[in-house]
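Protein chains: 2
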Amino acid sequence: MDKENLSAFPVGGKNDAFAKYFIGQSYLNMLSTEQVVIGNVTFEPACRNNWHIHRAEKGGGQILLVTAGKGWYQEWGKAPRTLKAGDVVNIPANVKHWHGAAKDSVFQHLAIEVPAENGKTEWCEPVSDDEYFNL
Amino acid sequence: MDKENLSAFPVGGKNDAFAKYFIGQSYLNMLSTEQVVIGNVTFEPACRNNWHIHRAEKGGGQILLVTAGKGWYQEWGKAPRTLKAGDVVNIPANVKHWHGAAKDSVFQHLAIEVPAENGKTEWCEPVSDDEYFNL
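Order-wise, the sequence lines are chains A and B. The working numbering numbers the first residue of the first sequence as 1 and each following residue consecutively. The working numbering numbers the first residue of the second sequence as 1 and each following residue consecutively.
For the record, the hints were derived by calculation from the structure and aren't laboratory data. Be aware that a few hints might be false.
Identical chains blur together in the list; that is why a pair holds if it fits in one copy or across any two.
Straight-line C-alpha distance at most 20 Å; calculated SDA-like pairs for lysine to any residue [unchecked claim]:
| hint | residue 1 | residue 2 |
| --- | --- | --- |
| 1 | K70 | D16 |
| 2 | K120 | A93 |
| 3 | K84 | S32 |
| 4 | K14 | G86 |
| 5 | K96 | E34 |
| 6 | K70 | L6 |
| 7 | K58 | A46 |
| 8 | K120 | V95 |
| 9 | K96 | Q35 |
| 10 | K14 | E131 |
| 11 | K96 | A111 |
| 12 | K78 | L28 |
| 13 | K3 | A85 |
| 14 | K120 | D2 |
Go ahead and model the full structure; you've got the sequences and the hints to work with.
Shown next as structure tokens:
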């Protein structure tokens, strides 16, 4: 995988800070840490984050802008949605969900944090191999 | 110019709504109109927007994520900054500035509107040919 040429945005280093909330290897490069927080997240094939919830009293949630590859987005109790470069996902606050790569493709998205009042991310259970490989 | 293959994000139609605030031809494709407003703006070579100010009482301003080509960003009274794919510009609220393409290159950026209290854009004078072609 030629990670550095997936899009205009550098991949950055291994996403060690959040590794405990991911299955597989991801990479994180922060593009903006002021005004609106924006990170470039790159997933190796089959890498995905755990189910999680962007808790907020007002505002909050996240917007994904898919820059490269193929992946998945799923909200709790709903059908999974396939994602490809150019797709946009508006993730509401307080909705349990996960996102990650397809099993045979690298995946990269910009993650735009929607400003929130009393916002925090609640991390839940992993997306098991049974769930993931039967998508 | 093969506009559609500049990045993962579609170019959209001609930016008629804002054409009076631009010199040259630009294109606009809205990627998100909820949570945080995000547009994909594509400039033909030498196209640039007028000097303008993102007025806000709190928050506000804009973040540019450059997806393709070469361009310029300049704040009033400061030296112009060259931009290339992968660059990020945090534009503060209430600062007069302009952005646009290099004279010999198409240019594309995502424009992320920083949520604001009582935000509005104040459009000012064009960047004259004298200013622009002497950059």
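Cross-check of the supplied hints:
no.	hint	in the structure
1	K70 <-> D16	neither (22 Å within a copy, 33 Å between copies)
2	K120 <-> A93	within (10 Å within a copy, 26 Å between copies)
3	K84 <-> S32	between (23 Å within a copy, 16 Å between copies)
4	K14 <-> G86	between (24 Å within a copy, 19 Å between copies)
5	K96 <-> E34	between (26 Å within a copy, 19 Å between copies)
6	K70 <-> L6	both (12 Å within a copy, 19 Å between copies)
7	K58 <-> A46	neither (33 Å within a copy, 41 Å between copies)
8	K120 <-> V95	within (13 Å within a copy, 31 Å between copies)
9	K96 <-> Q35	between (25 Å within a copy, 17 Å between copies)
10	K14 <-> E131	neither (25 Å within a copy, 44 Å between copies)
11	K96 <-> A111	within (16 Å within a copy, 28 Å between copies)
12	K78 <-> L28	neither (27 Å within a copy, 32 Å between copies)
13	K3 <-> A85	both (15 Å within a copy, 16 Å between copies)
14	K120 <-> D2	neither (33 Å within a copy, 42 Å between copies)
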